[in-house]
Amino acid sequence: MAEFSYKGRSGEGKLVQGRATGDSVDQVAQRLLATGVVPLEISAMGVVAGNLNLEKFGRRLGLGRVGSSDLVMFSRQMYTITRAGIPLLRGLRGLVASTHNAILRETLEDILESLEGGRDLAASFARHPQIFPPLYVSIVGVGEATGTLDKSFLRLTEYLAQEKDMQDRVKGAVRYPIIVMITIVLAAGFLSSFVIPKFAPVFAQIKGELPLPTRILLGSSTVVRDYWMHSLGVITLCVYGVRRYLRTRDGRYRWDRFKLRLPVMGKLMYEAMLSRLNRSLAISLAAGMPMTQTLAVIARSSGNAFVTEKIQALTSSVERGESLHRAAGSTGMFSPLVLQMISIGEETGALPELLDEAASYYDREVDHAVKNLSSSIEPILIVAVGGMVLILALGIFMPLWEVISTAGQT
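Just so you know, we're using our numbering here: the sequence shown kicks off at 1 and counts up by one.
Because the hints were derived from the structure by calculation, they are not lab data.
Heads up, some of the hints might be wrong.
Claimed, not checked - In silico DSS-like links for lysine-lysine, alpha-carbon gap of 25 Å or less:
id : residue 1 : residue 2
1  : 310       : 164
2  : 267       : 171
3  : 259       : 164
4  : 164       : 371
Please construct the entire structure, taking both the sequences and the accompanying hints into account.
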């Protein structure tokens, strides 16, 4: 016989849990039903312990988290449930049974308990801000209040799918230059540690001052080979200090502003953020959220302190009675074309539709920037690689030429 752990509901509807022995899960389930307990989850003890340890270890490494793909799938499933008229508790129980992501499954179990305890769906989602962002919770809350929960989940599904596509495009664009730069650093470290020291005895025999490229190579090689622990300590302290500074309000603001002002990459990230901002406004207003509440929620979830300050200024202007078009223009964030779209949307009452079109405009700008990214960054990378190769070649061959010239004269 094996030992199992179980969770279930008693005849009074209370959550119960415990351990039971049996030859199989079915046998344990039958015994629980015979005692008036409806089983919700039955797992072998050894498997559960192993899974829990792996889950804890995975969480420490940042693995097993609820990613954007999981949230898109969950929103799509919730749309299907609400659209088909399936009772919410019944539908969520089905999702718990079919969800493979352990963290999402635990979250859904907690949401089930919260719903059974009398909370509404939005409040239950709000208990898990690390999974459901404020915008998500707000739109679900509006859907509950207006009886259009299915439409809310449909909008969220489309919104999250577009957001994921945007993130994938930006990540794909920056992956190539990052890989090249890492390769350059590793190659430089390898040359400094293993290749250049082989030539050091030859250079030591040369009388007179060595050429500048050679001195640079020998100096870098000495630092990497003989003082790597000191260098590592200095780098660690610098990284620690920078991270501490970035946790401050001023540090975070300056860093986020600096990222958006980077050549090439800054424009790409900025336009991707503007696409997200416009799309968030569009989906929130279409769901029936008030303008000021929408802007406040977006400001909290922008992920960039510089943009958050801009949105807060925009919110303050709207609260004072200014139109969205005028308030958006004063921030300097939007292009004249997008400002015209917002103005026309306010005049015609089609603001959500035109904000969505503005998001599509920025999507196209991001696509164009991604396509041109390689051609923009490749010259910089070529110059960096060429400079490294030039210093290496001059540093090694210039002294050798002097040795050969001296030998020829004698």
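Those earlier numbered hints the structure runs against, lowest number first: none
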